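**Student:** Between the sequences and the hints, there should be enough to build the whole structure, so can you do that?
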Amino acid sequence: MSSDFYKTSILPFAGIIIKLCRAYTNSQQDFEDYYQEVCLQIWRSKDNFREESQWSTWVYRISLNVCLTLLKKKKNNVQHFASDSITTEETEDNYAFSNESLNLLYAAIRKLSEIDRAIIMLYLEEKSQKEIAEIIGTNPNNIGVRVKRIKNRLKKILDGKIN
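The sequence shown begins at 536 in the numbering used here and counts up by one.
These are computed hints drawn from the structure, not numbers from a lab.
Note that the structure is predicted; figures quoted are calculated from it, not measured.
Be a bit skeptical, because a hint or two may be false.
Claimed, not checked - Subject to a maximum C-alpha distance of 25 Å in a straight line, what follows is the list of computed DMTMM-like cross-link-like pairs (lysine to aspartate or glutamate): (1) K662 - E586; (2) K686 - E666; (3) K686 - E669; (4) K609 - D568; (5) K607 - E649; (6) K554 - D651; (7) K646 - E666; (8) K581 - E669; (9) K554 - E660; (10) K542 - E572; (11) K608 - E649; (12) K554 - D539; (13) K646 - D568; (14) K690 - E660; (15) K646 - E660; (16) K554 - E572; (17) K542 - E586; (18) K554 - E635; (19) K542 - E660; (20) K609 - D651; (21) K554 - D568.
**Tutor:** Written out as structure tokens, the structure is:
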């Protein structure tokens, strides 16, 4: 992958790629693997971009698809994917996992379904309902309702009312 392509076509979207990868991983090593695989897939599929949507939408969709694919592979190889299974020692001093309140939020987000994780991460990135729907492949009207339900579920998880 050329550094020019990375700088112009991936780096401007690194924030959301990082957040999506983090929402689907439990360790720094997995996070780094997911991020690298997302970047590789964006580069590999660049020639398939038909400009039917914005480049950012294409990047988000690829990022989400890669994360979901890797998560499914991991679930097939390991019978569980519990966000609580990582220890403090494993995550200590890792830049993406160093903020405790952020870790609590990501732990709560990881308790959501795969699609709900994607929706809330894109919502937190301030994407419009239309953009989120385009990335997820659903109706924009559905997104508003789902965001409200997801926020309520996250509040209950963070308040310790549900697991």
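**Student:** Run every hint past the structure and note whether it holds.
**Tutor:** Structure-based check of each hint:
With a CA separation close to 19 Å, the supplied pair K662 and E586 stays within the 25 Å bound. Between K686 and E666 the alpha-carbon distance is near 19 Å, which keeps this suggested pair within the 25 Å criterion. The suggested pairing of K686 with E669 holds, with an alpha-carbon distance near 20 Å, which does not exceed 25 Å. Under the criterion of a C-alpha separation no larger than 25 Å, the hint pairing K609 with D568 is consistent with the structure, at around 12 Å.
Straight-line distance between C-alpha atoms of K607 and E649 comes to about 10 Å, which keeps the hinted pair within the 25 Å bound. Under the criterion of a C-alpha separation no larger than 25 Å, the hint pairing K554 with D651 is consistent with the structure, at around 14 Å. A distance of roughly 24 Å separates the Cα atoms of K646 and E666; the hinted pair therefore holds under the 25 Å criterion. Of the supplied pair hints, the one linking K581 and E669 holds, its CA atoms being roughly 18 Å apart against a limit of 25 Å.
Of the supplied pair hints, the one linking K554 and E660 holds, its CA atoms being roughly 9 Å apart against a limit of 25 Å. A hinted pair counts as satisfied when its Cα atoms are at most 25 Å apart, and K542 with E572 qualifies at roughly 17 Å. The straight-line distance between the Cα atoms of K608 and E649 is roughly 13 Å, inside the 25 Å bound, and the hint therefore holds. For the given pair, K554 sits about 23 Å from D539 by alpha-carbon distance, which is consistent with the 25 Å threshold.
Proposed proximity of K646 and D568 is supported: the alpha carbons are some 21 Å apart, at most 25 Å. This hinted pair checks out: K690 and E660 have alpha carbons roughly 18 Å apart, not beyond 25 Å. Our distance criterion of 25 Å between C-alpha atoms is met by K646 and E660, whose separation comes to about 19 Å. Annotation: proposed proximity of K554 to E572 holds, straight-line Cα distance about 14 Å (limit 25 Å).
Under the criterion of a C-alpha separation no larger than 25 Å, the hint pairing K542 with E586 is consistent with the structure, at around 20 Å. Taking the CA atoms of K554 and E635, the gap is near 15 Å; set against the 25 Å cutoff, the hint holds. Using a Cα cut-off of 25 Å, the hinted pair K542 and E660 holds, with the two alpha carbons roughly 20 Å apart. Restraint check for K609 and D651: the C-alpha separation of about 19 Å stays at or below 25 Å, so the hint holds.
The straight-line distance between the Cα atoms of K554 and D568 is roughly 14 Å, inside the 25 Å bound, and the hint therefore holds.
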